[in-house]
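Letter by letter, the sequence shown follows residues 18 to 300 of my numbering.
Don't take each hint at face value.
Subject to a maximum C-alpha distance of 30 Å in a straight line, what follows is the list of computed DSSO-like cross-link-like pairs (lysine-lysine) [what the hints assert, rightly or not]:
| no. | residue 1 | residue 2 |
| --- | --- | --- |
| 1 | Lys240 | Lys290 |
| 2 | Lys209 | Lys159 |
| 3 | Lys175 | Lys285 |
| 4 | Lys285 | Lys258 |
None of these hints come from the bench; they were simulated from the model.
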Amino acid sequence: MVTLTRPDSFAPEDLALSRRAMLLAAGYAAFDIGANAQPISTAADGLVTGWETLPGGLPAFVARPSGKGKHPTVIVVNEVFGVHEWIKDVARRFAKAGYVAIAPEFFFRGDPDKTLGTLKEFPAILAIVNKAGNEQVMGDVKTTLDWAAAQSFVDAKKFAITGFCWGGAVTWMAAARFPQLKAGGAWYGRIKGAPGAENRKWPLEIAGELKAPVLGLYGALDKGIPVADVAEMQAALKGTKSDIILYPNADHGFLADYRPSYNAEAGKDAWAKLLAHFKANGV
Numbered sequence: 018m019v020t021l022t023r024p025d026s027f028a029p030e031d032l033a034l035s036r037r038a039m040l041l042a043a044g045y046a047a048f049d050i051g052a053n054a055q056p057i058s059t060a061a062d063g064l065v066t067g068w069e070t071l072p073g074g075l076p077a078f079v080a081r082p083s084g085k086g087k088h089p090t091v092i093v094v095n096e097v098f099g100v101h102e103w104i105k106d107v108a109r110r111f112a113k114a115g116y117v118a119i120a121p122e123f124f125f126r127g128d129p130d131k132t133l134g135t136l137k138e139f140p141a142i143l144a145i146v147n148k149a150g151n152e153q154v155m156g157d158v159k160t161t162l163d164w165a166a167a168q169s170f171v172d173a174k175k176f177a178i179t180g181f182c183w184g185g186a187v188t189w190m191a192a193a194r195f196p197q198l199k200a201g202g203a204w205y206g207r208i209k210g211a212p213g214a215e216n217r218k219w220p221l222e223i224a225g226e227l228k229a230p231v232l233g234l235y236g237a238l239d240k241g242i243p244v245a246d247v248a249e250m251q252a253a254l255k256g257t258k259s260d261i262i263l264y265p266n267a268d269h270g271f272l273a274d275y276r277p278s279y280n281a282e283a284g285k286d287a288w289a290k291l292l293a294h295f296k297a298n299g300v
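Kindly produce the complete structure, drawing on both the sequences and the hints.
Okay, structure coming up:
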């Protein structure tokens with residue numbers, strides 16, 4: 018419960034605090050909730066939603082249409098905050114659009130007590146995230162693809178992947194690894210390795226190896242991913258079916274409606290372009 022400091026009236030900071038408390042209770046990541054955040058909430062009516070345990074103990078949140086038949090499937094790769102409420106809402110959005118959406122909890126091995134969504138210090142978040150190396154993550158993507166292909170409600174010929182921030186980089190890497198994927202959508206994922214980063218390849222290095230066309234969705238105001246890096250990736254993708262859209266007035270996390278960097282105009286446009294990209298590639 019939030020105790021207001023002014024019993025006789027409300028001040029803006031009281032309302033912001035109350036809203037933040039409600040979002041924390043609803044399961045949003047504690048680290049980056051905007052003071053005035055009013056997240057989109059997608060109803061689950063007409064959907065089947067819930068957690069599944071995939072082979073190897075991999076937890077995954079699944080949202081899908083409740084009707085009979087086989088549906089195209091999209092793997093939703095989370096931000097560094099894990100599968101919190103916003104990722105679940107994104108999964109429901111895809112399900113409303115006719116997809117089976119599967120959001121694996123890639124950090125479950127390094128976070129057995131499920132503390133990631135409650136952490137407020139970024140070094141503590143990274144300590145968990147960095148335990149999930151690229152090869153382990155690629156193994157979990159394969160596990161998800163194999164599990165999905167065996168489900169009666171999945172069209173195993175129609176797989177896509179999308180991811181945000183940390184998950185954006187995973188999307189590029191998975192599109193170069195798995196021929197089952199028909200399309201990808203990389204939201205503001207790192208393109209080049211940072212100093213001291215994990216000894217691995219990065220998206221720029223595998224641009225010529227993509228087995229599925231990827232649509233990159235980036236913001237020109239992103240301080241962590243310079244426009245020069247985006248331009249370098251665009252040049253590397255020239256002549257392929259993959260491309261990057263750079264939104265001039267968007268920052269990192271511009272689709273995340275619970276964060277201060279949310280940009281409704283860019284987010285709406287990018288979401289529509291992603292769905293069109295999936296459909297254009299048969300997913």
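Here's how the hints hold up against the structure:
no.: 1; hint: Lys240 with Lys290; result: holds, 24 Å
no.: 2; hint: Lys209 with Lys159; result: holds, 24 Å
no.: 3; hint: Lys175 with Lys285; result: holds, 24 Å
no.: 4; hint: Lys285 with Lys258; result: holds, 23 Å
Consistency with the previously given hints is maintained throughout, with no hint failing.
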